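Student: Model the placement of chain Z on the given structure of chain A, informed by the hints.
2 protein chains.
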Amino acid sequence: MTQATTHPTLTTWHDLVQTRNTKGLKDLLADDVVFYSPVVHTPQAGKAVTAQYLSAAFNVFFNETFRYVREVTGPGDAVLEFQVDIDGIAVNGVDMIKWNDEGKIVEFKVMLRPLKAINLIHQKMGAMLEATR
Amino acid sequence: MTQATTHPTLTTWHDLVQTRNTKGLKDLLADDVVFYSPVVHTPQAGKAVTAQYLSAAFNVFFNETFRYVREVTGPGDAVLEFQVDIDGIAVNGVDMIKWNDEGKIVEFKVMLRPLKAINLIHQKMGAMLEATR
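Chains A and Z, in that order, are what the protein sequence lines are.
Quick note: numbering that gives the first Met the number 0 has the first sequence finishing at residue 132, numbered continuously throughout.
Quick note: numbering that gives the first Met the number 0 has the second sequence finishing at residue 132, numbered continuously throughout.
So here's chain A without its partners, still in its complex pose (with noise of 0.2 angstroms):
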């Protein structure tokens, strides 16, 4: 459930989704943001291997099914759960969003259910990591 007040880094997040916005992803990552994949355990430290991570989850997981379904929030973090369906199998997971005190996102973390989903995006997202190098 959305809270009364979301906070500005949420609203601009949301935004950059409903828009497809990849260029818009710089302004808000940290220098030093680090990126963990749901399906490889090493950490991915810095802005541009966050936005390009980023911005080929923006490719492979927002097609018009995908909906936000649950938003957690605290005072520095949130999670934002997640369901949409790819090639006909359901994908449900977690954007598990935390920023520092200027609003800018300095950790972005998914995990996604079930096994089939995962095995999925990992092939999707790595031939698109692939074509975007």
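Please keep in mind that the hints were generated in silico from the structure rather than gathered at the bench.
Note that this is a predicted model, so its numbers are computed, not measured.
Please note: incorrect hints may appear among the correct ones.
Identical copies look the same in the list; a pair holds intra-copy or inter-copy alike.
Calculated cross-link-like contacts (lysine to any residue; reagent style SDA-like; alpha-carbon spacing at most 20 angstroms) [what the hints assert, rightly or not]:
#1 K115 x Q43
#2 K115 x V38
#3 K22 x Y52
#4 K46 x A29
#5 K123 x V38
#6 K115 x P42
#7 K22 x L114
#8 K115 x A130
#9 K97 x T72
#10 K97 x F81
Tutor: What follows is chain Z alone, placed relative to chain A:
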């Protein structure tokens, strides 16, 4: 980060985890609770099957390295992020818990990362559920 006042449902949950008390689970679960596995798409409905899954999870997850590392809480639900090493593999996940007005858990969803961890848990949970059947 734990909030200043923790909801009684979460206090009880943490007590059960701390004491590895699977017997106390049933008092905390609503009759119509639904469990969403990190591995399988199909929801598992009802107190008996949910208690069975959670009891198996207590055995698989709660070794001495298990710790909750983040807690984001709303009025009726919470997301608890955890970290645990199992067989030398770093398992990162979330317990997504929803409760009703009586404080009984009505939904329990688990997501895990990375892929290696999900494959490990898939195998271990399967073996544990077989053993307790």
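Student: Now look at each hint and say whether the structure bears it out.
Tutor: So, going through the hints one by one against the coordinates:
1. K115 x Q43: between (24 angstroms within a copy, 17 angstroms between copies)
2. K115 x V38: For K115 and V38, the Cα distance is within 20 angstroms both inside one copy (12 angstroms) and across copies (8 angstroms).
3. K22 x Y52: The answer is within: 13 angstroms in one copy meets 20 angstroms, while 43 angstroms across copies does not.
4. K46 x A29: within (7 angstroms within a copy, 44 angstroms between copies)
5. K123 x V38: both (12 angstroms within a copy, 19 angstroms between copies)
6. K115 x P42: Result: close only across copies, 15 angstroms inter versus 23 angstroms intra.
7. K22 x L114: neither (31 angstroms within a copy, 29 angstroms between copies)
8. K115 x A130: neither (23 angstroms within a copy, 25 angstroms between copies)
9. K97 x T72: both (10 angstroms within a copy, 14 angstroms between copies)
10. K97 x F81: For K97 and F81, the Cα distance is within 20 angstroms both inside one copy (17 angstroms) and across copies (16 angstroms).
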